[in-house]
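Since the structure of chain S is provided, determine the placement of chain G on it from the hints.
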Amino acid sequence: MTTSTIYHIGIDLGTSQSSIVTSTGKRVSTKSCVGYPKDIISQKRLNKEFLLGEEALKNRLSLNLIWPLAKGVICDDKKSKEATQLILKDLIDTTLPSINSTDKVYASIGVPALASVRDKKTLLNITKDFIDKVLIVSEPFAVAYGIDRFDECLIVDIGAGTTDLCRMSGSVPTEDDQRSLIEAGNFLDREIANAVLKKYPDVQLTPQIIKFIKEKHGYVSDSSDPVIVSLTKMGQPGSYDITEMLHESCLKLSDAIGQAVQSLVADFDPDFQETLRNNIIVAGGGSRLIGIDRAIEKSLDNYGGGKASCIQDVEFCGANGCLKMSQEMPTSYWDKI
Amino acid sequence: MLKNNIVHISTSKLIGATILPNSILLITGIVIWKLWRNKHSQLQTTTDELKNEIEYLKEQMNEIQTEKHKYLPQTSSSGQTDATQIGLFEFLIEDNIQLRKDA
Numbered sequence: 001m002t003t004s005t006i007y008h009i010g011i012d013l014g015t016s017q018s019s020i021v022t023s024t025g026k027r028v029s030t031k032s033c034v035g036y037p038k039d040i041i042s043q044k045r046l047n048k049e050f051l052l053g054e055e056a057l058k059n060r061l062s063l064n065l066i067w068p069l070a071k072g073v074i075c076d077d078k079k080s081k082e083a084t085q086l087i088l089k090d091l092i093d094t095t096l097p098s099i100n101s102t103d104k105v106y107a108s109i110g111v112p113a114l115a116s117v118r119d120k121k122t123l124l125n126i127t128k129d130f131i132d133k134v135l136i137v138s139e140p141f142a143v144a145y146g147i148d149r150f151d152e153c154l155i156v157d158i159g160a161g162t163t164d165l166c167r168m169s170g171s172v173p174t175e176d177d178q179r180s181l182i183e184a185g186n187f188l189d190r191e192i193a194n195a196v197l198k199k200y201p202d203v204q205l206t207p208q209i210i211k212f213i214k215e216k217h218g219y220v221s222d223s224s225d226p227v228i229v230s231l232t233k234m235g236q237p238g239s240y241d242i243t244e245m246l247h248e249s250c251l252k253l254s255d256a257i258g259q260a261v262q263s264l265v266a267d268f269d270p271d272f273q274e275t276l277r278n279n280i281i282v283a284g285g286g287s288r289l290i291g292i293d294r295a296i297e298k299s300l301d302n303y304g305g306g307k308a309s310c311i312q313d314v315e316f317c318g319a320n321g322c323l324k325m326s327q328e329m330p331t332s333y334w335d336k337i
Numbered sequence: 001m002l003k004n005n006i007v008h009i010s011t012s013k014l015i016g017a018t019i020l021p022n023s024i025l026l027i028t029g030i031v032i033w034k035l036w037r038n039k040h041s042q043l044q045t046t047t048d049e050l051k052n053e054i055e056y057l058k059e060q061m062n063e064i065q066t067e068k069h070k071y072l073p074q075t076s077s078s079g080q081t082d083a084t085q086i087g088l089f090e091f092l093i094e095d096n097i098q099l100r101k102d103a
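Protein sequence lines correspond, in order, to chains S and G. To convert, note that position 6 of the first sequence is 6 in our numbering; the numbers rise steadily by one, no gaps. To convert, note that position 45 of the second sequence is 45 in our numbering; the numbers rise steadily by one, no gaps.
Hints were generated in silico from the structure; no laboratory data involved. Cβ atoms here follow ideal geometry from the backbone N, Cα and C, with glycine treated the same way. Accuracy of the hints is not assured; some may be wrong.
[What the hints assert, rightly or not] Taking lysine-lysine and the DSSO-like style, the derived pairs with C-alpha atoms no more than 30 Å apart in a straight line are:
id, chain 1, residue 1, chain 2, residue 2
1, G, Lys51, S, Lys31
2, S, Lys89, G, Lys51
3, S, Lys198, S, Lys216
4, G, Lys58, S, Lys58
[To be verified] Some chain G residues well away from chain S (every beta-carbon gap over 12 Å; in silico):
id, residue
5, Ile19
6, Asn62
7, Leu92
[Said to hold, decoys possible] So these bits of chain S aren't anywhere near chain G, every CB distance computed over 10 Å:
id, residue
8, Asp103
9, Ala195
10, Gln208
11, Asn279
Next comes chain S alone, as it looks inside the complex (with noise of 0.2 Å):
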């Protein structure tokens, strides 16, 4: 007789990024997109139905590429549900590839802070077929979660489609105590190309290129060395000085999130909101923005001031959450979902 095996995953699907941590100590990371054949020729030269993550992005002059998520929830469309079932189908079968039949999968999933039940049921019903038990749970809270901080602290998740805030008082969070912004990494690809476009319009720019000029050289510290990209301008590369556009365009997002936090602070409970304001954690890749936590400290100035500190693994903080959640649930309680 073959016993079952109940295995435990915490995943964070992101509207750029998505992570799975296994119970078995495997950890992946990939883009969030899907990209399908644009024709028979492609078709025949890749020799796959569809292509997922950086082979996706690889091979996008010959794909029709889908990024299913938007502002952390999967987009109302049945080809972005469909993307994303491949997607978490991928990320499962990578981390957990020798699972038998009889075997279960627990998983944990994190959706931004004032994600809809309409997103949360989308979530559910996208899973079901190849994952036995789903939790849905906060992403901030679950980044708290995985890092044991349910003292008085604010949690800030930078992501790709919304920034979530999230505010730790020794209880289960409320709705008052969370928050959820546009603001955040893609808000900020479009400030940035616009920006550029504005000053150098006939230059040629790509999301991918902004990303990288965002990753390598966005800060909003009050200076920085020079930024002097290589951009093509019909063809022919050039060097443009974008150093005053990229940190005014990450101000703007820098901006978003101190207000955020400041509103945070404000209506809480005035004995704690010092102990507050001192316990900032930055987490998800808008935490890696040079002088972001030092940006975030500055906003508290007229409140006190503040402390703020980015956390280390930055990639998969959230997954390592929902999955310390998923296995420190008790089974009888899994066994009422």
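Leaving out everything else, chain G in the frame of chain S:
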């Protein structure tokens, strides 16, 4: 004979004035180039060694993370009572049950 001596001396002086300094320059150049080449290859070797170290450290980090996740179920969460965790899980489960009921 005097003429021969003059030619001889002049030739020697010409050779001494041109070939000798150029030889010194050439030898100096060769020595400097060899020193630079040695230094460059030492730096290259050091860079390669450092790169290998970085790769090794990355592998170790991955191994540590893997072991940490395997170890995770055996440890209890620090700084939180069981009652608090139970309350938290109850809330999460209720929220998820409600989600399914609303279908």
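Original post:
So which of those numbered hints doesn't the model satisfy?
Top reply: 2, 6 and 7
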